[in-house]
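With the hints as your guide, set chain B onto chain A.
2 protein chains.
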Amino acid sequence: MARWEPGARERLVVAAVDLFTEEGYDATTVAQIAERAGVTKSTFFRHFSDKREVLVAGQETLSRLFTEGIAEAPDGASPLEAVAAGLQRASSAMGPMNRELGPRLKAAVAASAELQERDALKSVSLAAAMTAALVARGVPDPTAQLAAELGLLAFKRGFSEWSEGDQDTDNELAKYALAALDELRAASASLG
Amino acid sequence: MARWEPGARERLVVAAVDLFTEEGYDATTVAQIAERAGVTKSTFFRHFSDKREVLVAGQETLSRLFTEGIAEAPDGASPLEAVAAGLQRASSAMGPMNRELGPRLKAAVAASAELQERDALKSVSLAAAMTAALVARGVPDPTAQLAAELGLLAFKRGFSEWSEGDQDTDNELAKYALAALDELRAASASLG
Chain A
1 MARWEPGARE
11 RLVVAAVDLF
21 TEEGYDATTV
31 AQIAERAGVT
41 KSTFFRHFSD
51 KREVLVAGQE
61 TLSRLFTEGI
71 AEAPDGASPL
81 EAVAAGLQRA
91 SSAMGPMNRE
101 LGPRLKAAVA
111 ASAELQERDA
121 LKSVSLAAAM
131 TAALVARGVP
141 DPTAQLAAEL
151 GLLAFKRGFS
161 EWSEGDQDTD
171 NELAKYALAA
181 LDELRAASAS
191 LG
Chain B
1 MARWEPGARE
11 RLVVAAVDLF
21 TEEGYDATTV
31 AQIAERAGVT
41 KSTFFRHFSD
51 KREVLVAGQE
61 TLSRLFTEGI
71 AEAPDGASPL
81 EAVAAGLQRA
91 SSAMGPMNRE
101 LGPRLKAAVA
111 ASAELQERDA
121 LKSVSLAAAM
131 TAALVARGVP
141 DPTAQLAAEL
151 GLLAFKRGFS
161 EWSEGDQDTD
171 NELAKYALAA
181 LDELRAASAS
191 LG
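Which chain is which? The protein sequence lines are A and B, in order. Note that my numbering numbers the first sequence so that position 153 is 153, with each residue one more than the last. Note that my numbering numbers the second sequence so that position 156 is 156, with each residue one more than the last.
Copies of one chain are not kept apart here, so a pair can be met inside one copy or by any two copies together.
When the alpha-carbon atoms are kept at most 35 Å apart in a straight line, the in silico DSBU-like pairs for lysine-lysine are as follows:
1. 175 x 156
2. 175 x 106
3. 122 x 106
4. 156 x 41
5. 156 x 122
It should be emphasised that the hints constitute simulated quantities derived from the structure, not laboratory data. Keep in mind it's a predicted model, so treat the numbers as computed, not measured.
Next comes chain A alone, as it looks inside the complex:
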């Protein structure tokens, strides 16, 4: 029972994740994804360059939202306060579809070396975008890189808890991501 009204792009993502889970990533074709989503192959290619890109559909949006949130944090915000603003902004893009798909997407990535590579590049790219946004605020380089890594870890940890937990609670991702950031900040005091 889907809790959102999916358009063609969303239906393609759901169909792809379903097929990757059922048939495996390598065995799934673009034609199958399009058919399952009830669209033509040319519609698929209007949205995605290949089947692998389906799995990182939100990367550019996420990157932009992290950057905007960090850029628009108040002038006196500390590096981690700016990261928290980025997390809040990025979390706002994640709705019920992302939450429901999360665990299956994770399983599909875990089962495919090719998807693991693409997923790893997504992580590296998001950290680089946050680092650049922090440097643009005047945060010195090693601190910016470290704060960005904390932000990325917090987003991933928060997303896992949010999507793997009870989907009937109304909580938003932001709550989980900010709690994870607090936890990581506390952990940074015990590095020794």
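Structure of chain B alone, referenced to chain A:
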């Protein structure tokens, strides 16, 4: 003027990096790499499964050395002290060839989306290996993940400085990596 005596595996790595730089990654074939290295294609395939794997040739060794260094750190070592032991162990595997190839390898990766993906997975895998080694020492999970990320950043920052600086100095990578770890530890105090 090479400062090491290369065997077939090393010659293949050098040939691949040269060709990726000259011709581009996509245009380079395994046959060309083998020819340039003065070996047969079947020798190539005894060492690497495809041309992409040449660029992450040291990943398994690095991962093992990080893990061993962390595991063998003294009982009372803090998480970052254990990471420092891992950095020292891993650095010992990096010799003149790695130092000389570093900047060209970096350029080849920067020019190829496919290599960026593989390189990103290498980073994620190394961080995961260090996290697991720290957890095995009893370091709690968020601290372990954070310490591993610091270790990976320190290794990358140290490697860049070592390979992009004056190659005639006799300094070892470990010195650069440990200095970068100290810098990151100091930066963690200013996250806010």
